[in-house]
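Asker: Here is how the chains run, residue by residue.
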Amino acid sequence: MRIGVVTFPGTLDDVDAQRAVRIGGNEAVALWHGDHDLEGVDAVVLPGGFSYGDYLRCGAISRFAPVMTEVVAAAGRGMPVLGICNGFQILCESRLLPGALIRNDHRKFVCRDQLLRVENAETAWTSAYTEGQEIRIALKNGEGGFVADAETLARIEGEGRVVVRYLEVNPNGSLNDIAGITNDRGNVVGLMPHPEHAVEKLTGSGTDGLGFFTSLVERAFA
Amino acid sequence: MPKPEILDPQGKAVHGALPRLGFTGVTDVRQGKRFELEVEGEVTDAVLADVDKMAETLLSNPVIENYTVSVEQ
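Respectively, the protein sequence lines represent chains A and B. As numbered in the numbering used here, the first sequence has no gaps in its residue numbers, which increase by one up to the final residue, 235. As numbered in the numbering used here, the second sequence has no gaps in its residue numbers, which increase by one up to the final residue, 470.
These aren't lab readings, by the way, just hints derived from the structure by calculation. Just so you know, not all the hints are guaranteed correct.
[Claimed, not checked] Computed spacing ranges between beta-carbons, pair by pair: (1) B:463 - A:90: 32 to 40 Å; (2) B:412 - A:170: 50 to 58 Å; (3) A:123 - B:455: 25 to 33 Å; (4) B:449 - A:180: 40 to 48 Å; (5) B:413 - A:122: 41 to 49 Å; (6) A:183 - B:412: 21 to 29 Å; (7) A:170 - B:421: 40 to 48 Å; (8) B:446 - A:47: 24 to 32 Å; (9) B:428 - A:180: 28 to 36 Å; (10) B:412 - A:167: 29 to 37 Å; (11) B:445 - A:167: 31 to 39 Å; (12) B:424 - A:170: 14 to 22 Å; (13) B:431 - A:233: 48 to 56 Å; (14) B:428 - A:122: 15 to 23 Å.
Yeah, the Cβ is synthetic: ideal placement off N, Cα and C, and Gly gets one too.
Sequences are here, hints too, so could you generate the full structure?
Answerer: See below:
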């Protein structure tokens with residue numbers, strides 16, 4: 014699969030995400046925030062960082078970057094899109110995913126190897142996992158508290174759209190311990206933890222994040 | 398402003414700091430944002446409608462924030 018990784022001004026984890034995409038058996042295609050086309054990629058990753066300096070709100074300005082017009086349109090046609098950390102914030106600001114991410118309830122930046130439970134192994138990005146599987150990957154954010162109104166939250170839960178949930182500790186005040194969610198079609202996934210930092214034993218907490226980058230290939234050949 | 402039901406950690410931090418400075422009797426603090434926009438010519442209904450659209454699409458996130466628009470000469 015050819016997977017595009019978008020770089021915005023202030024993105025930090027684009028190179029790690031490209032590397033994870035390649036380790037997962039795909040070709041990584043670098044996309045620029047000012048691009049008006051997606052170069053024919055099969056899927057897109059919006060990586061972590063502080064796009065546009067987190068000015069206004071995290072992801073609020075990135076949402077209107079030229080490349081996002083294409084990403085939103087492609088997501089609407091069913092193209093898989095994965096948003097990690099700042100990428101998740103951008104997906105929420107873009108209304109591709111419901112809810113929003115606000116400042117951590119304890120007001121401090123958090124950086125830890127976080128235990129998660131995969132709640133939905135049916136999405137385009139999580140089919141390499143099994144439902145209920147526990148994985149440990151890095152979490153690092155200052156504004157990762159997932160919030161949504163009660164009705165939206167009930168809908169997300171009722172439709173099984175929570176993709177990963179925090180275990181052991183709720184690190185940022187997210188409602189219902191929600192770490193990541195998907196859209197109703199299952200092609201758009203956003204999560205605060207960083208699977209791209211857990212794809213090699215040498216540099217991470219393990220390789221528990223690799224499934225996010227192998228799911229597309231496994232599904233294509235299934 | 399953050400909607401009433403949305404947690405406001407920044408407001409809480411400010412609220413926590415006030416008693417340390419000797420200011421008592423404040424029961425809650427909510428922190429929001431204020432944008433000042435300069436516009437060309439008269440502030441007509443059409444201009445106000447435009448500003449409202451700006452507030453809705455970019456300046457605020459209606460999922461978590463409320464906003465009001467007012468005119469100052």
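Asker: Just pull the numbers of the violated hints for me, sorted ascending.
Answerer: 2, 5 and 12
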